[in-house]
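Protein chains in written order, with my numbering: chain A, 82 to 407; chain B, 890 to 1182; chain C, 7 to 252.
Check each hint, because a few of them may be wrong.
Pair ranges (Cβ atoms, derived) [as the list claims (entries may be wrong)]:
{"#": "1", "chain 1": "B", "residue 1": "Trp1050", "chain 2": "A", "residue 2": "Phe390", "range": "50 to 58 angstroms"}
{"#": "2", "chain 1": "B", "residue 1": "Leu1110", "chain 2": "C", "residue 2": "Ile63", "range": "29 to 37 angstroms"}
{"#": "3", "chain 1": "A", "residue 1": "Gly190", "chain 2": "B", "residue 2": "Ala1043", "range": "28 to 36 angstroms"}
{"#": "4", "chain 1": "A", "residue 1": "Pro85", "chain 2": "C", "residue 2": "Leu146", "range": "17 to 25 angstroms"}
{"#": "5", "chain 1": "C", "residue 1": "Gly25", "chain 2": "B", "residue 2": "Thr1044", "range": "39 to 47 angstroms"}
{"#": "6", "chain 1": "A", "residue 1": "Phe390", "chain 2": "C", "residue 2": "Leu146", "range": "15 to 23 angstroms"}
{"#": "7", "chain 1": "C", "residue 1": "Ile96", "chain 2": "A", "residue 2": "Phe390", "range": "28 to 36 angstroms"}
{"#": "8", "chain 1": "A", "residue 1": "Gly190", "chain 2": "C", "residue 2": "Leu146", "range": "22 to 30 angstroms"}
{"#": "9", "chain 1": "C", "residue 1": "Asp37", "chain 2": "A", "residue 2": "Phe390", "range": "56 to 64 angstroms"}
If the Cβ cut is set under 10 angstroms, some of the chain A residues that face chain B in the computed set are [stated by the list, open to error]:
{"#": "10", "residue": "Leu255"}
{"#": "11", "residue": "Leu259"}
{"#": "12", "residue": "Ala262"}
{"#": "13", "residue": "Leu263"}
{"#": "14", "residue": "Arg265"}
{"#": "15", "residue": "Asn372"}
{"#": "16", "residue": "Leu376"}
{"#": "17", "residue": "Val378"}
{"#": "18", "residue": "Leu383"}
{"#": "19", "residue": "Val385"}
By construction, these hints were calculated from the structure, which means they are not laboratory data. In this text, a Cβ means the ideal position worked out from N, Cα and C, and glycines have one as well.
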Amino acid sequence: MKRPLLVILLHLAVIALLLAANYVLPAYHRDVLSRALVLAVFAMGYNLLMGYTGLLSLGHAMYFAAGLYGAGMTMLHLGWSTPAAFGAGVATGVVLALVTGVLALRTTGVAFMIVTMMFAQVFYLATLYFSEWTRGDEGIVLPQPARIFDMGGFHFDPTNALTRYAIAAGLFSLVLLLTLALARSGFGRVMVAIRENEERTRMLGYNVFARKLIVVMISGAVSAAAGAAYALLFGYVGSTFASVQYSILPLLWVLIGGAATTLGPLIGTVAMTYLVDYSSSALARALPDWNISYLGVVGIALIVVVLFFPKGILGTIRERWAKWLP
Amino acid sequence: MSFGPHLLLAMLEGLVSAAVLALTALGLSLVFGVMRVVNVAHGEFFMIGAVVAWAVANALGGDPLIGFIAALVVAPLAVGAIALLAERLVLRRLDYNPEATIVATIGLLYLLQQAALTFYGPEARAVAAPFSYRLQLPWFGYSGYKLFVIGASATLLVATWLVLTRTRIGLVMRATQYDRETAQAFAIPVDRVYAGVFVLGAMLAAMAAVLIVPIQQAHYLMGLDPLLLSFIVVIIGGLGSLRGTVVAALIIGLSDGVISMFFSPTLAKMIATAAVAMVLVFRPQGLFGSTPR
Amino acid sequence: MAAVKPLLVTRNLSRSFGGLKAVDMIDFSLDPGEVRAIIGPNGAGKTTFVSLVAGRIAPDTGVIGFDGRDITRLPDYRRVRLGVAYTFQITSVFANLSVFDNVALAVQRVHADGRSVGATAAGVKAALDAVHLSERSDMLAGEMAYGHQRLLEIAMGLALRPRLLILDEPTQGLSDGEIAGFIALVKELRKETTILLIEHNMNVVMKLANRITVLDAGKVLAEGTPRSIRMNEKVQRAYLGGVAHD
């Protein structure tokens, strides 16, 4: 294992910085970063499947939304508390990942991308069809009092900006360490082997299908955790989060930050969040009639990255200077 | 109106959808069949075709028939030019790598949507039909233009089929689709064939859009539905098979029309999408395609 | 004399590709502890045959038995766990992983099956030591010279603790010195593992093989000791070229 001490220190430093930032950031940035951290968890979940295992899914919005709706619906219609609703969200994601995984993993490459995209589309349409419960596109606001909860003797109010950030950063840190542990473990080694040469991995005695399915379920669980956290922290559940846009965004974040790196998803998500924010507001002020939206920014970013920086920011850094980065 | 005529109306509506869908899907199918890449921006070529059609009709004003004919010429050319640019600048640089191409065409999708949003705006705008003739059936009146759409699409499909099977260009395309390396060995300029096919695919989508825009309004987000439906048609019909595309488009168009009239369109789409995903999982060659070599 | 139970048996094994019968009703038997060489002209079906045994491709007809067990329907990865290891004809190491990681994948697998115990690092070291690649442990596999990559393939095969090690043209592309090293390695290996060896290098075959099976056009042309194969007229005409006088 390469440079274990340096790697662990680096990750702990990032976590410490993020947690400490809560107390020094101006309110606006704290808000943006809270959102970005939860979405970065989503990106990390996606990275496990796409970056490390090489399975490019175009349907991950489905798992994020499973967490979102799993948490939101149980809280709203069944009156569950935040921790229970969170668990429900993650569980929904895992089950969905199992079912879709067993089917989708029968395909590879382009077919896999299309199948996952279609499964996600069915899920999205379902959120519209069952609008009696989900209020479809319009969405549901989760009432503030319902989201307040007690756990382990502590009182948490997600409507409080500092608490919200702390929870988001906490979840992010947990998943970051999980990703790190996985990437450097024997299991992580097999994931990469599957990506590099599937047949050779089989001929070493590995049940590749079962392994892929496990990764799909972990990826689905992490993505659903992000979705559930998003619903519970920001109090809104809506169909947009199940639409194809939220399948494309994690792909973009991971590509920009650096696929198959532990910290890449964080970099990609934060960079793109600020870029979209900045371009929408600054460009919109400069060119008011142009209707500049995230569409143009995301479009250009994707094309530029795939043409010139396929390894992303951290991926390029790793290749040139820091081969030890996990 | 009783059930029978209601069903007939639904089927006529379905035929119109199928007609437009067949053209659009054929474009996608040709690109995948010959180039082995999935163009996720295909729906946006459709959308730009519609938007350009509106722009042309709007600029010319006056007689909608003139506007329509002009649009039928200008829109495919404009979209074809955009497609050529994308193919040269991006796709070729990626060496048509399947996964990278998908990511790049997703970027193209967003770019084209943004372009439409910037230059056309967020509103949906209508274009007048080139002529208004109403066919009077015993139970209901039906738009003559819609019938024209069916006929025009059929004509274009037949024309494409003739080009593919009877001309040298068509032969070259089919040869490249069948075996790229051998085609190169026979001095077929594969790069040019790829560019040509990609442009042709985009132009077919644009033509379909020009036909549909008097019936449906032009809107910068209108490309997503045709894209998904085209995917469904191409997968069910078998990639690269013209006959399969037409048959699948008929099935999808008719059933979508019928189901949407009697049930919720959302449910119809859900069932269609799920069914197609299953086809891809269990029978990847579709209904007509052959197992890939 | 007690009959030795064969380790590997095939009966009526056949596989066609399109119209071509690559493997045509082959009956084959391999005793434990043997080093068996499979030789034959290009296109004789050698790689297809061993691929059928390893489970990479499925047979059209026939049965394959391993250690008394019918493995015909068993998926490839299951056969590896039973003890069948295959090294690829075209080097198939993980080019973007380190040499250590390549072998570690094999060692991990064996530990997971409980067929061996101990730390991964120790297992990797043992395998790399056997092929003299230990100093290159941190190198990227793809950056090594071709000959070393072949050795890495063998190390990975070794690390799987196989009962049957299938080597598909292992000396192709190796220098004379490397080939000599390979011969010495196999002489060590044969004490613990049964070896099935596809080879074109007759020198290697003659030095290592207990018995030779000659394939031609998907069928077994001849089978026997190296000496008898060398004297066999059919083999000489089909493969070795000319008739030897010995």
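Quiz item: Is the shortest C-beta separation between Asn372(A) and chain B less than 10 angstroms?
Solution: 5 angstroms, holds
Exercise. Could you see if the CB distance from Gly25(C) to Thr1044(B) stays within 39 to 47 angstroms?
Key: 42 angstroms, holds
Practice problem: Double-check Val378(A) for me: the hint is only fine if its C-beta lies closer than 10 angstroms to a C-beta in chain B. | Solution: Status holds, d = 8 angstroms.
Self-check item: C-beta pair Pro85(A), Leu146(C): status relative to the range 17 to 25 angstroms that was hinted
Solution: Given range 17 to 25 angstroms: holds, Cβ gap about 20 angstroms.
Quiz prompt | Distance restraint evaluation - Trp1050(B), Phe390(A), Cβ atoms, bounds 50 to 58 angstroms | solution = 43 angstroms, violated
Quiz item: Does 56 to 64 angstroms hold as the CB distance between Asp37(C) and Phe390(A), or does it fail?
Solution: 57 angstroms, holds
Quiz item: If you take the shortest Cβ to Cβ gap from Val385(A) to chain B, is it below 10 angstroms?
Solution: Interface hint status for Val385(A): holds (8 angstroms vs cutoff 10 angstroms).
Practice problem: Mind checking the hinted window 29 to 37 angstroms against the Cβ distance between Leu1110(B) and Ile63(C)? | Solution: 48 angstroms, violated
Quiz item: Does Leu376(A) meet its interface restraint, that is, does its C-beta lie within less than 10 angstroms of any C-beta in chain B?
Solution: 4 angstroms, holds
Quiz item: Should the interface hint for Leu259(A) be scored as holding, given a Cβ-Cβ cut-off of 10 angstroms against chain B?
Solution: Violated, because the Cβ-Cβ distance from Leu259(A) to chain B comes to roughly 26 angstroms (cut-off 10 angstroms).
Quiz item: Once the shortest beta carbon distance from Leu263(A) to chain B is found, is it less than 10 angstroms?
Solution: 23 angstroms, violated
Quiz item: Per the hint of 28 to 36 angstroms, is the separation of the Cβ atoms of Ile96(C) and Phe390(A) within bounds?
Solution: 32 angstroms Cβ-Cβ, so the 28 to 36 angstroms window holds.
In summary, the structure is inconsistent with hints 1, 2, 10, 11, 12, 13, 14 from the numbered list given earlier, while agreeing with the others.
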